[in-house]
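Those protein sequence lines, which keep their order, are chains A and B. Using the working numbering, read the first sequence as starting at 1 and increasing by one per residue. Using the working numbering, read the second sequence as starting at 464 and increasing by one per residue.
There may be inaccurate statements among the hints.
Computed cross-link-like contacts, BS3-like style, restricted to lysine-lysine with a CA-CA straight-line distance of at most 27 angstroms [to be verified]: (1) A:206 <-> A:219; (2) B:792 <-> A:122; (3) A:48 <-> A:219; (4) A:48 <-> A:300; (5) A:48 <-> B:792; (6) A:122 <-> A:355.
Over 10 angstroms on every C-beta distance to chain B, these chain A residues come out as not near it, computed from the model [stated by the list, open to error]: (7) 42; (8) 49; (9) 277; (10) 305; (11) 343.
In short, the hints are calculated from the structure, not lab data. Just so you know, even glycine gets a beta-carbon here, dropped at the ideal spot from N, CA and C.
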Amino acid sequence: MDAVTLARVQFGTTIVYHYLFVPLTLGLGLLIAIMETLYVWSGNNMYKRMTLFWGKLFLINFTLGVITGIVQEFQFGMNWSTYSRFVGDVFGSPLAIEALAAFFLESTFLGIWLFGWEQLRKGVHLAAIWLVVLGSYLSAFWILIANAFMQEPVGYTIHHGRAEMTNFFALLANPTLWVEFPHVVAAGIVTGAFFVIGISAYHLLKKQKDQELFQRAMKIGLVAALLGSIAVIYVGDLQAKHLVQSQPMKLAAAEALWNSENPASLSLFSIPDQQHHTNTVDISVPYALSFLAHDSFYGKVQGINQLEAQYEKLYGPGNYTPNVTIAFWTFRLMVGAGMTMALLALVGLFFLTRKQLEQRRWFLWVLVLSIAFPYLANTCGWVLTEMGRQPWLVFGLLTTADGVSPSVSPGMILFTLLLFILLYGVLAVVDATLLFKYARQDVESAESKLNADEQDEELSVTF
Amino acid sequence: MNLQILWFVIIAVLFTGFFVLEGFDFGIGILLPFLGKNDSERRMIFNSIGPFWDGNEVWLITTGGAIFAAFPTLYAALFSSFYLEMFAILVALVLRGAAFEFRSQRESPRWRSFWDWMMFVGSLLPGFFWGVIISNLLRGIPIDANMNYAGGIWNPLNLHALLYGILFVLVFTMHGAVFLDLRVTGVLGERARSVAQRLSFLALLMTVLFLIWSFFVSPAIHHYFVSPQIAPLSFLSLATIIAVPVLVAKRQSGWAFAMTSLTIVLTAAAIGLGLFPRMILSSLNPAWSLTIDNTSSSPYTLTVMSWLALTLLPFVLAFEGWSYWVFHKRLDPRTRGHY
């Protein structure tokens with residue numbers, strides 16, 4: 001394999017892995033802050049125990065997010081030095097500000113929150129977790145400014161053979177950012193919500209101690225899941241509409257729409273044939289794609305062949321079509337998982353208000369398994385976003401093939417790739433084992449650290 | 464003030480902050496298996512930096528981000544030239560972070576001992592490889608006319624670099640021992656003190672020998688010893704190491720820590736001044752060196768970044784400083800900690 005392919009595989013695997021941890025940090029952090037707020041507000045110790053129980057799981061997840069994040073930052077310079085040089089004048093700034101404005105806040109106050117249960121007054125301690133949450137959302141905001149520039153370059157000029165920033169505020173106002181950011185945040189909240197829902201469902205099924213605690217956690221989770229899902233779907237629709245203008249090729253690929261149509265039909269199931277530019281199987285709903293793209297049953301949606309011809313005129317000969325099968329199916333899986341989650345949250349709340357939730361054991365089991373849905377949707381969403389942009393690294397400005405480091409050999413990338421896979425694989429197993437262990441444990445075990453003083457002899461074995 | 468110079472200074476400050484703060488973190492991780500005689504002591508060692516380590520690591524992330532934003536061409540060259548070194552640093556930081564989080568999650572002594580050693584390795588390698596990288600920056604690496612690295616993968620691992628890496632590890636370990644003394648009471652504190660003393664003698668001896676040797680083998684670094692602007696910094700940093708064992712013996716832990724911090728600050732200042740305005744020397748042709756001028760971002764970007772950085776940095780320093788104040792009490796074996 002050549003350096004470009006290997007560097008892409010390395011970035012792809014490490015970023016997908018990194019992004020397993022990020023959305024849970026976003027969502028679960030917020031829910032924990034809400035739990036602690038309820039504790040401070042009501043003085044009810046149950047909410048403190050709830051906070052500690054999920055806090056422990058949050059932390060195991062958070063640390064892996066942090067350490068895999070550094071790998072991503074270094075990788076731009078290591079494997080993509082031509083890209084870094086070309087785009088750094090614009091792209092470096094949001095990364096630097098992310099660290100300065102978000103990571104310091106997040107990491108410092110997480111340390112304070114973790115170790116400060118006794119040193120700090122309740123209100124200050126509560127403020128610490130909210131600042132952690134603020135930090136994580138700021139971090140998402142700044143990194144998405146960088147990503148939005150790759151999707152839709154704004155506020156720059158080409159000068160000295162590189163992209164130079166001309167308007168910082170244009171980066172902040174990038175239309176792609178304002179559909180990506182809310183989508184990512186809402187998806188994070190749904191991820192956190194289903195994590196809480198699934199684990200609470202497990203404890204309600206096992207009928208162990210603290211039934212009330214898990215009932216209330218379930219309620220918090222279901223409400224967050226429903227609100228989050230509605231936001232994800234609403235913003236997702238805006239995002240697709242924005243693609244019509246900003247990256248029509250990505251939309252055409254995600255719909256496996258080879259030729260322009262008016263009115264355009266929405267494909268439900270198809271097997272795209274990239275070589276012959278056609279779909280071997282195609283089941284579609286007439287008018288639906290026009291409606292999705294334009295809010296009207298009539299309206300032209302551009303197809304891959306027409307766009308390809310336009311791009312060849314604009315950018316010169318080349319292949320400007322991304323992998324259609326991947327774009328099509330990741331889009332279907334993401335949307336399918338998203339719709340399923342909205343439905344589950346709705347049904348769950350329905351059962352809850354009728355006080356039937358705990359009797360419907362089959363449904364609780366469904367909720368336990370549904371922890372996986374947000375992960376599927378998050379991963380597919382990013383694969384679609386990034387692979388659907390191909391062959392571009394920065395849309396219209398730099399192709400992926402032109403972005404790699406000239407001084408790094410394929411062998412070196414392969415070597416580091418294999419070691420990353422090995423390392424990440426081992427960590428995934430350890431992480432999953434620990435999450436399972438603590439998710440199934442009762443609340444006391446998570447709480448015990450606070451009582452360690454009274455149980456000196458246990459101190460050495462508790463943690 | 465020229466913004467390129469301002470950003471050179473900001474990056475030097477960020478690097479220094481990283482080496483001072485992560486320096487003692489690394490040192491403590493290196494000392495962990497040797498100073499912690501039982502599980503309770505090892506937990507104390509982890510908890511001594513428990514609330515801080517993640518925030519300290521952000522200094523590195525910020526340094527990387529700042530280089531990317533202000534000197535993108537340097538960023539591209541630095542990370543792709545020292546490919547294996549950067550990779551080793553990444554692996555080490557991943558192992559180290561995992562060790563913090565995983566270590567105390569199971570009671571099995573084998574499990575804990577495994578992660579203790581991962582903490583050791585994860586703390587040893589970054590300091591070592593930063594030493595290797597900086598030695599190469601000082602002496603120059605093969606950078607071609609297109610600002611790309613033209614050397615072999617093993618080039619950076621020359622004798623000078625390896626010894627400089629060891630020196631970095633030694634200084635960080637000393638720094639960590641002094642910090643640990645500042646953070647804990649009892650026998651563990653005593654042990655940290657005696658290790659700090661022994662390490663400071665060793666660090667002094669090694670540094671002097673290394674400097675003499677490299678003076679003779681490497682003309683590229685002569686100005687660190689003879690330039691009237693830089694040499695005083697180099698010699699003052701030696702003097703601070705001499706002060707460490709004296710202050711430790713007098714139980715002036717705070718002052719001893721100030722000295723080891725100064726050792727790092729002065730060394731970083733000397734390195735920065737010695738390089739300025741260059742950042743990576745090209746060993747092929749001095750004209751191909753990467754400087755603040757030929758690697759920097761546009762004036763517009765530097766202006767925006769200056770406003771943002773100078774606004775945000777005081778807040779960062781304030782709340783990070785506050786977190787050290789919140790947890791300023793020394794730990795004893797009964798103190799609860801997360802790890």
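Taking the minimum C-beta separation from residue 49 of chain A to chain B, is that value above 10 angstroms?
Fine: 17 angstroms to the nearest Cβ keeps residue 49 of chain A off the interface.
Would you check the hint for residue 48 of chain A and residue 219 of chain A, treating anything up to 27 angstroms between C-alpha atoms as holding?
This hinted pair holds, its Cα atoms lying about 16 angstroms apart.
Just want to verify: residue 343 of chain A was marked as not at the interface with chain B; is every Cβ pair farther apart than 10 angstroms?
Label holds. Min Cβ-Cβ 35 angstroms, cutoff 10 angstroms.
Residue 122 of chain A paired with residue 355 of chain A [C-alpha distance capped at 27 angstroms]:
33 angstroms, violated
Cβ separation check - residue 305 of chain A to all of chain B, threshold 10 angstroms
37 angstroms, holds
Chain B versus residue 277 of chain A - minimum CB to CB distance exceeding 10 angstroms, so not interface
Since the minimum Cβ distance to chain B is about 38 angstroms, residue 277 of chain A lies beyond 10 angstroms and the statement holds.
Need the status of pair residue 206 of chain A, residue 219 of chain A: alpha-carbon distance at most 27 angstroms?
Given pair residue 206 of chain A, residue 219 of chain A holds - Cα atoms ~18 angstroms apart, limit 27 angstroms.
Going straight from one Cα to the other, do residue 48 of chain A and residue 792 of chain B come out at no more than 27 angstroms?
25 angstroms, holds
Is the Cα-Cα distance between residue 792 of chain B and residue 122 of chain A 27 angstroms or less?
Answer holds: residue 792 of chain B to residue 122 of chain A is near 20 angstroms, not above 27 angstroms.
Does the claim that residue 42 of chain A lies outside the interface with chain B hold up, using a Cβ gap greater than 10 angstroms?
Holds, since 25 angstroms exceeds 10 angstroms.
Next pair to validate is residue 48 of chain A with residue 300 of chain A; report whether the Cα-Cα distance is within 27 angstroms.
Distance ~55 angstroms between residue 48 of chain A and residue 300 of chain A Cα, so the pair is violated.
Checked against the numbered hints listed earlier, the structure breaks hints 4 and 6; every other hint is satisfied.
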